[in-house]
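Hey, can you work out the whole structure from these sequences and the hints?
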Amino acid sequence: MPETVLRVRDLRKAYKDVVAVSGLDLEVQAGECFGLLGPNGAGKTTTIEICEGLTQRDTGEVEVLGLNWEANAKALKQRLGIQLQETQLSEKLTVEETVRLFRSFFHKGPTTEHVIGLVQLEEKRRSRVGTLSGGQKQRLALACALVGDPELLFLDEPTTGLDPQARRQLWELIEEFKRAGRTIVLTTHYMDEAERLCERVAIMDHGKIIALGSPRELVASIGVEHVVEFSVDSAAQPLDVAALRALEGVRDAQVENGAVRMQVTALHSAVPALLAELVRRNVKLTELRTHSATLEDVFVTLTGRHLRDE
Amino acid sequence: MSDHPLWQLTLVRFREFLREPEALFWVFGFPLLLAAGLGLAFRNTPAEVLNVGAVGTDPAAFESASTLAVEPFATIDEGLKALREGKVALLVERVADGSVRYHYDDTNPEGRDARMRADMAVQQRAGRADPVAAKDELMRETGSRYIDFLIPGLLGMNLMGGSIWSMGFAIVDARRRKLMKRLIATPMPRHYFLLSFLISRLAMLIVEVGAFLAFGVFVFGVPIRGSLLLVAATCVFGSLAFGAIGLLLSSRAKTIEAASGLMNLTMLPMWILSGVFFSSQRFPDAVQPIIAALPLTALNDALRATMLQGATVAQIAPQLGVLAAWLLVCFPLALKLFKWR
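So the protein lines, in turn, are chains C and W.
Per this note's numbering, numbering through the first sequence is continuous, rising by one, with the last residue being 385.
Per this note's numbering, numbering through the second sequence is continuous, rising by one, with the last residue being 646.
Honestly, the hints are just simulated from the structure, not real lab data.
Don't take each hint at face value.
[Claimed, not checked] With a straight-line Cα cutoff of 30 Å, these simulated DSS-like cross-link-like pairs (lysine-lysine) come out: (1) W:Lys486 / C:Lys253; (2) W:Lys641 / C:Lys149; (3) C:Lys91 / W:Lys644; (4) C:Lys283 / W:Lys486; (5) C:Lys167 / W:Lys486; (6) W:Lys483 / C:Lys91.
[What the hints assert, rightly or not] Sample of chain W residues facing chain C (criterion: CB under 8 Å; computed from the structure): (7) Asp308; (8) Val317; (9) Glu321; (10) Arg324; (11) Glu325; (12) Lys483; (13) Leu484.
Quick caveat: nothing in here was measured; it's all calculated off a predicted structure.
The C-beta atom is built at its ideal place from N, Cα and C for all residues, glycine as well.
Structure below.
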């Protein structure tokens, strides 16, 4: 039975008139990478910052590494690795000076050189932080989270704002940490990130967890394997969504910005049926895409909105 | 030892400061330039030569007045034009009946001065004898010149600016960048963060005050009559008081703009009232108690008393008391209000 390193029960937090977290429960086991996935404003950052001891909760229980923040803040901080969203480290310091500063706060941990090696910034050791690229800065932030050899690593949106190549590089680093047996809790609003890195994902919306499980379980839970999206000649008459829903192998269909999105259980029968239907109605197809169902589709199915919606 | 968090934090303060060339200039270069400029502008010069115009008078009439440069004009109009343009401070006109008429602006000290000197020359040449014999013994003492007044004032002003700016900007910047929030997420003891500012500030003070005083003493011959140790202690004390004020001003501000507004609002009245460039005694008696309670007034008065009059600790105790009061009120208040994020 794996050890539980983070336990949150009925957590609630409100800012003035905005409820950020409303009754959240979660448990993270040692050695897993746990993801909080949700759109901006879902309460991910508030949740993770309460777990990090940075934000006061209103009510509920939070137990980190078997300890609570009220009585053990000092000891806990020694054992956690934290990366915050959008921290700008001092631009005038070098990479090495920055890591050495953070290392000095912890009783134990690897050497400065070792940590810089872990995040592959050896060549930038003597460069000023101000000269680093976005991806390099993010890796430096990661290094600052690793200096205390943490038992639990909190990463708040580690790849937000990075270009695809820098994101992949960061994912590879995080996968390295997973192989080394570290426990990681990360927040993200990228479904591909959660799918690739996390053993278990909690999908959050409006301060609550609306689905919890492995990415595969979550996708399976919505009962569709594929998603078909298509557009038709705009001159054509409005499509009959009800007729589309009745097609063989189609579970549901919606019109979105002039395009149609269908949740499909059997791709091999749904696509021919769709094409036949369009021919029968004499409608010209301008675009057709299909993909396997993803966490994004889980979110859309559960909330009717996209992760990236404003 | 080299990896003690307090040492690392203090190193960060030095690195950030030394890697900012503008900051270096404003802290070290600017005060020296200012002192040099003002020292030159207000240097004590030998009695100045005044320009005087003469119409219908022989310039030789003013021979006995060596401090007058006399320029003859052919007509009264030419002479008055030169007077209006400020080319001469006084126009001497010999009128037909043999009397002399002086044209000058009586609100202009140079005009009044020139009139006295010219009149003396004219009267002496006409045969006036002084009934009492007089002789000049010149005494030009250091310590009573404008530059002697100015150097302690500028020193006080620099200590105020340095403490408030360096404290305020670094703290507000760290808060704005969410760096402070990141730091308190680590096990860093929070008081180390504030202590690092204090240590770096006091270390920088040695260079700052040392360079400035050396400049005043060696270039302008400003005296330090009291104990050098007391001057140094006063500087440290003043810096602590202003550091506490800086901490208070930056305890909540989230943007540099908000903080610099607050800082300027605090410092501006003191630049004017606290006797940096001219004596605060020039303000009305009614506001003197308020002026005396300002920390910069206290610091400037204490520095002047020690440097120029050789005052002892006991003599500057009231000023040190004012600084202590500011420190004891602002520091706890700043800690109470301080926001780490």
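Hints, verified against the model:
1. W:Lys486 / C:Lys253: Holds: Lys486 (chain W) and Lys253 (chain C) sit about 27 Å apart, inside 30 Å.
2. W:Lys641 / C:Lys149: holds (21 Å)
3. C:Lys91 / W:Lys644: holds (18 Å)
4. C:Lys283 / W:Lys486: holds (25 Å)
5. C:Lys167 / W:Lys486: Satisfied, since the Cα-Cα distance of roughly 19 Å is no more than 30 Å.
6. W:Lys483 / C:Lys91: holds (22 Å)
7. Asp308: With Cβ-Cβ at 5 Å, under 8 Å, it holds.
8. Val317: At 6 Å from the nearest chain C Cβ, Val317 (chain W) passes the 8 Å test, so the hint holds.
9. Glu321: holds (5 Å)
10. Arg324: holds (4 Å)
11. Glu325: holds (7 Å)
12. Lys483: Interface hint status for Lys483 (chain W): holds (5 Å vs cutoff 8 Å).
13. Leu484: Status holds, d = 6 Å.
Hint compliance for this structure: no hint is broken.
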